[in-house]
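S.K.: Going line by line, the protein sequences match chains A and B.
In terms of our numbering, the first sequence is residues 316 to 562.
In terms of our numbering, the second sequence is residues 316 to 562.
It is worth saying that the hints were derived from the structure and are not from the lab.
Even for Gly, the Cβ is constructed at its ideal location relative to N, Cα and C.
Be a bit skeptical, because a hint or two may be false.
[Stated by the list, open to error] Straight-line alpha carbon distances no greater than 30 Å define the calculated DSSO-like cross-link-like pairs of lysine-lysine that follow:
#1 A:Lys455 x B:Lys458
#2 B:Lys455 x A:Lys455
#3 B:Lys352 x A:Lys362
#4 B:Lys450 x A:Lys450
#5 B:Lys458 x A:Lys362
#6 A:Lys455 x B:Lys450
#7 B:Lys352 x B:Lys362
[Said to hold, decoys possible] Covered stretches of chain B (chain A as the covering partner; in silico rule of three or more C-beta atoms under 8 Å from a C-beta of chain A):
#8 419-427
#9 499-507
2 protein chains.
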Amino acid sequence: MHYELYYWPEIQGRGEFVRLALEAAGAPYIDVARGSKKGQGVEAMMKLTAGGARSVKADQTRLPFAPPFLKVDEELIAQTSHILDYLAPQLKLVPRDAAGRRFTQQLQLTMADLVVEAHDTHHPIASSLYYEEQKTAARKRSKIFIAERIPKFLDYFEHVLTRNPHSHSHLVGTSLTYADLSLFQVVEGLRYAFPKSMKRGEKAWPHLVALHDHVAALPRIAAYLASPRRIAFNENGIFRRYPELER
Amino acid sequence: MHYELYYWPEIQGRGEFVRLALEAAGAPYIDVARGSKKGQGVEAMMKLTAGGARSVKADQTRLPFAPPFLKVDEELIAQTSHILDYLAPQLKLVPRDAAGRRFTQQLQLTMADLVVEAHDTHHPIASSLYYEEQKTAARKRSKIFIAERIPKFLDYFEHVLTRNPHSHSHLVGTSLTYADLSLFQVVEGLRYAFPKSMKRGEKAWPHLVALHDHVAALPRIAAYLASPRRIAFNENGIFRRYPELER
Numbered sequence: 316m317h318y319e320l321y322y323w324p325e326i327q328g329r330g331e332f333v334r335l336a337l338e339a340a341g342a343p344y345i346d347v348a349r350g351s352k353k354g355q356g357v358e359a360m361m362k363l364t365a366g367g368a369r370s371v372k373a374d375q376t377r378l379p380f381a382p383p384f385l386k387v388d389e390e391l392i393a394q395t396s397h398i399l400d401y402l403a404p405q406l407k408l409v410p411r412d413a414a415g416r417r418f419t420q421q422l423q424l425t426m427a428d429l430v431v432e433a434h435d436t437h438h439p440i441a442s443s444l445y446y447e448e449q450k451t452a453a454r455k456r457s458k459i460f461i462a463e464r465i466p467k468f469l470d471y472f473e474h475v476l477t478r479n480p481h482s483h484s485h486l487v488g489t490s491l492t493y494a495d496l497s498l499f500q501v502v503e504g505l506r507y508a509f510p511k512s513m514k515r516g517e518k519a520w521p522h523l524v525a526l527h528d529h530v531a532a533l534p535r536i537a538a539y540l541a542s543p544r545r546i547a548f549n550e551n552g553i554f555r556r557y558p559e560l561e562r
Numbered sequence: 316m317h318y319e320l321y322y323w324p325e326i327q328g329r330g331e332f333v334r335l336a337l338e339a340a341g342a343p344y345i346d347v348a349r350g351s352k353k354g355q356g357v358e359a360m361m362k363l364t365a366g367g368a369r370s371v372k373a374d375q376t377r378l379p380f381a382p383p384f385l386k387v388d389e390e391l392i393a394q395t396s397h398i399l400d401y402l403a404p405q406l407k408l409v410p411r412d413a414a415g416r417r418f419t420q421q422l423q424l425t426m427a428d429l430v431v432e433a434h435d436t437h438h439p440i441a442s443s444l445y446y447e448e449q450k451t452a453a454r455k456r457s458k459i460f461i462a463e464r465i466p467k468f469l470d471y472f473e474h475v476l477t478r479n480p481h482s483h484s485h486l487v488g489t490s491l492t493y494a495d496l497s498l499f500q501v502v503e504g505l506r507y508a509f510p511k512s513m514k515r516g517e518k519a520w521p522h523l524v525a526l527h528d529h530v531a532a533l534p535r536i537a538a539y540l541a542s543p544r545r546i547a548f549n550e551n552g553i554f555r556r557y558p559e560l561e562r
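In isolation and in its complexed conformation, chain A is listed as follows (with noise of 0.2 Å):
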């Protein structure tokens, strides 16, 4: 059985949190906007969100608002941290007690808003206006997001990695989970849009950083990361690069 994740075609996105669980577990999908086959691409996609409810004419009664989502025989599941909620005991990424399989996605959620944060730095005003029209908020945005946000979340999650009694370099028990994974992706984001500010600050979270690197050397991440899969960053995603909202 084939995965069916529905996602932008262009971006990591949120869509990546999700690509990356798929990936390290060797699971089998098929990135539905990206494919050029029948019934593939983004409208596809659109089809069946329900982004301009009042137009949407698709048969389904439970439509997600937006990507990404996947598809599960005739389910939708949508919401990042939520997919991975669903997708984990199935790619045996998050510990089998349901303590464990509940702070795992209590850290993901916690990534979400941090994630919410990252795209409104270069977005504060509206996600429909370009950058171009925000600028001098975004500047203001980022100098604050770099200045404490950045440090409160990483704090947070090199705290729990301290605290982790079985193994400080993984956030949750003894192995990989999709928190593992999406934490990595946060520190390649940051390091894409912020790179002196990270470079700076970095010392403070070693093992968040061992964590990154023991992610980056997984096999089948590191197959993928090298893969025409892996979209670059770019300025259409969460995670830009502009130089000047680094000053």
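Fit chain B to the known structure of chain A by using the hints.
M.R.: What follows is chain B alone, placed relative to chain A:
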């Protein structure tokens, strides 16, 4: 057994979504940070958060990033949507089938996205700055939030209500879920913050208004709303009324 909820004592905020679920179910709970007994109050709450991770002294190995969180035995369960997903089966506020439970959570996470955006209308630059310091950006963000984002989200929920084959006054299945309670709260909050815009817009969302009225009339919710346990909306919360943001 009493549930122990930890959240800021002077605002509805994100904690209100949990309070509404506990109240609707008639579940006994302690709103710990609002208490004045030993081991209660804001300080007791802060001791359990890792917000200032570097200085945390608590013995727990798994601390939340921020309130709200629930304490269940020694486990701390954080993140609003996740708390609700945990509580819902116990409170009978979610369908028993897995797909129904998933869709309910998906809707809750979509509301959480809306809540972030509603907050950022008055704090588009940083939560750590005063509103007065970011008023110009707040006006711009609010204008687009009102024109584009409120309709996009509420069209979606109206769409979900319209397409629920079992009931147009419930989001999922035939019975009350925590997502219904949360949608009530979203409507309350948006009406408080943007009364003129909601008055103009609501005719497009008849099922949503009917759901709101249905929830408000539930005996336990009506009793709660009339009690001192319901904190009034105010200008420290997520939904704030600044008339200059609604022009």
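S.K.: For which of the previously enumerated hints does the structure constitute a violation, in increasing order of number?
M.R.: Violated: hints 3, 9.
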